[in-house]
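Colleague: The chain contents come next:
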Amino acid sequence: MAASATSWATRRGIGWWALAFWIFMLVLPLMGSAFPSESFDYYMFMGQSMMVYAIAVLGLNLLTGFNGQISLGHGAFFALGAYTAAILMIDFGWPYWATIPVVAIVCFGAGFLFGFPALKLESHYLALATFTLAIAVPQLLKHKSIAGWTGGVSGLVLEKPDPPFGLPISPDQFLFYFCLLMAMILFWAAFNLLRGRSGRAMMAIRDHGMAAGTMGIDTSLYKTITFGISALYTGIAGALSAITVAYVAPDSFALPLSIAFLVGLVVGGIGSLPGCLIGGAFLVLVQNWSQSLSDVLKETFSLQYDVPSWAIYGVLLLLLMYVMPTGIAGGVLRLRGAIAGRLRRVETVRSKPLVLQSEGEKH
Amino acid sequence: MTAILEATGLSAYYGPVRALYEVDFRIETGGVTALLGANGAGKTTTLRAVCNMVRRSGTTKLNGQDISRLATEDIVRLGVAHVPEGRGTFTGLTVEENLKLAFHVRRDRAAANRDLDLVFTYFPRLKERVRQQAGTLSGGEQQMLAISRALMLGPKLMLLDEPSFGLAPLVVQEIFRILRSINENEHVSMLIVEQNAALALELADHVYLLETGRVVTSGPSAMVQNDEALRRAYLGY
Amino acid sequence: MELLLQQIASGLTSGAIYACVALGLVMIYVSTDHINFAQGEMAMFSTYIAWALIQAGVSYWVAFGATMVIAFAGGLLIQRFILKPLEHAPVLALVVCFIALLSIFNSMAGVIWSFTVKQFPSPFPKGDLTGAGLVSYHQIGVVGVTVVMLGLLTCFFRFTTLGLAMRAAAQNASSARLMGVRVSWMLALGWGMAAAIGAVAGMLVAPIVFLDPNMMTGILTYGFAAALVGGIGNPGGAVIGGFVVGVLENLVGTYIIGNELKLSFALVIIVGVLLLKPAGLFGRVNVKRV
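Protein chains in written order, with our numbering: chain A, 1 to 363; chain C, 1 to 237; chain L, 1 to 290.
So here's chain A without its partners, still in its complex pose (with noise of 0.2 Å):
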């Protein structure tokens, strides 16, 4: 898992792919001027979706995928995120927009403070810390005393924003901007973060953490300024599913949704930015699909009862631990890797091995 997270930041090429495919999902919405058909929107409210799943999953990465610690409870965070967004909204009445910048600071603290206790659990007791808080966020927001804010077991309710200036597109093509925006600027800003002198302690700090302590690292802060950075991440796609769903409600944020953060955290691949945004694609497909997949399944096998994507998510996992264990993206590295390893075989015999070349750097 390890050697493909560290290796992708560095490879060439990927800054193509990055502008190639952020261009095409620029153009995408214009599809709809160009061919203008009654499912458009709803095709554009599932790009929506695509993105806030991957910029969950990107936040759930950058805690498990690159800093180790394991987290079964993002949901909390996307819950946290989604609530401050439509209380401020409503109760406020703030603009949509101005939510994020709050939504990540109120995240980023929540995670932070997280982190603290979080340290002193080694990996599967965080694992079972979080698991129960993931379990424990729908009480936890249907409780009384807070229902004034959170609207208790019934949710709250928001308005869909219009797009601004007049411009002459459709709500959900608006959105889909919205979201493509802060996808874009959070992705850049995670690129970043992990190609510097940060990055790098992240990375250490999860191979091997008392070797970076040993090296200098402070690895507690940099443990829990990761919970919050990840926090901060899953929050604001919380808030950003708020708006765009123009719903929250508690049971929504049951186990369930830290489950799909994992698994699209495993099917991207751990460690793998792009991997998010697959990851993110997953989601939201077998989530669109999983009712005639449902139908399918139920017709094959001649079952009774409907088949839940559960079931689709437990199985992949599975399978993925097996077959796939760096996910997609892991997956595609490799294959692109072992091709170009057979083709650039005689090429590395000549070429001057890579220890003697750092060894002359030194002198």
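Each hint should be verified, as a subset may be incorrect.
In silico DSBU-like cross-links for lysine-lysine, where the CA-CA straight-line distance does not exceed 30 Å [what the hints assert, rightly or not]: (1) Lys-100/C to Lys-156/C; (2) Lys-118/L to Lys-298/A; (3) Lys-262/L to Lys-277/L; (4) Lys-262/L to Lys-126/L; (5) Lys-142/A to Lys-262/L; (6) Lys-142/A to Lys-160/A; (7) Lys-127/C to Lys-100/C; (8) Lys-120/A to Lys-262/L; (9) Lys-262/L to Lys-118/L; (10) Lys-127/C to Lys-156/C; (11) Lys-144/A to Lys-262/L; (12) Lys-120/A to Lys-277/L; (13) Lys-160/A to Lys-144/A; (14) Lys-84/L to Lys-120/A; (15) Lys-100/C to Lys-84/L; (16) Lys-118/L to Lys-142/A; (17) Lys-61/C to Lys-156/C; (18) Lys-100/C to Lys-61/C.
Simulated coverage check for chain C against chain L, where a stretch passes if three residues somewhere in it have a Cβ under 8 Å from a Cβ of chain L [what the hints assert, rightly or not]: (19) 81 to 94; (20) 100 to 114.
Calculated from the structure, these hints are not laboratory results.
A quick note: this is a predicted structure, and the numbers were derived from the prediction, not measured.
The beta carbon of each residue, even a glycine, is placed where N, CA and C say it ideally should be.
Starting from the structure of chain A, add chains C and L where the hints point.
Modeller: Positioned in the frame of chain A, the structure of chains C and L alone reads:
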């Protein structure tokens, strides 16, 4: 004499690193063979390879039966008792439980009970401590417990990995004296790995000298003891 | 006063169930160092099997025994086929694997038996001991079954050589192998037993909370709390932890925070114990090896 254990072309690997290079050796039935050599020569690895505890190739035969592909547990069940490096004490179990663990694999309960009495005659100190947690024993007592656990398996062959390690000289002498009597009275063949060459040469009748994973020379102990050049070069005394 | 007694009685009942869940968790933790997040769903699934057997006309105790056997076999198979290949995998891979099992069992139960709530019979007579609705026979039965099971387990581990071999394998696998113990089978056996104990927990709790695929979520959370309070490597501690947590939950729920925050209370216990007394009340401190 017949060989109880015969290894041909035995190699062993730790991941990509090779630690043993096609070593051949045989251990006479009823005898004591010593494996000597410096740190990293592959002595411990040889013992581990015999028990299939590392990735290995080559053949090992126990009384003519090929045991190369058997699992560690099955080799043990055929009568090879390995007293491991670091003594392998079950620290959370009592001394008695450490010993009675052998009952799990032994069918002949009566004989196993006799062996328990036997162990206590060799190591009366353990009898005083039967109910004590094994983790609270001293180093010497834990070494005695390790040998006793091996003895409880009713073995034909004992593999001993540095029984003197970290122990006071007096305790070491006691343990080696007991090992000799176990060899003589119970007819248990032994393959012993030691840093303390002089001590091992006294106990052993046959010696293999290892260097960086290869057998340098072998022969009767007396030969090595009398060959000053060899002793200086490999055994440091 | 009556309310207090009633709360303590029902606390002991749920405590007994938490204890069973915690026992299963401890069995797996001790032998493999893993925290089995699927323990609750495995128990739930087993309970459905018992329900199906009873629906098919099998008498209660026969179904009870058969379910334990089936659960045992299931646990054994999971260890042999799903977890054994991941023996040397990083913790994250195992956590993912347990979450996968959780999702699979949960949805399989829904697919086979639907998500509608079902009644599950109690083997104990209706009514209660005092006649005033304080302590029901089912409650006494639950505590009784747990205590008997703990007794049997203690005897197994203390007085049989197989139990001894399992303990040895858990403590020092390579040394156990050198004593002829088939370590990987011991782990599978541990999984089987954990699954069977979990099945008992499920069958005991189902008459109280009703049977549905999500019935174990909260119980598993409290099972974790119980295991941690008792010291996660300590079976006896897990049982005491179960009773302590069960009574606490009921008292705190009734008198202090109300029932709506019970899960958060479990979270507080878990994080609190992990931070303040990671070895639990009865566990030994694990020294970290470098």
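Colleague: Run the structure past the numbered hints and jot down the numbers of the failing ones, going up.
Modeller: none
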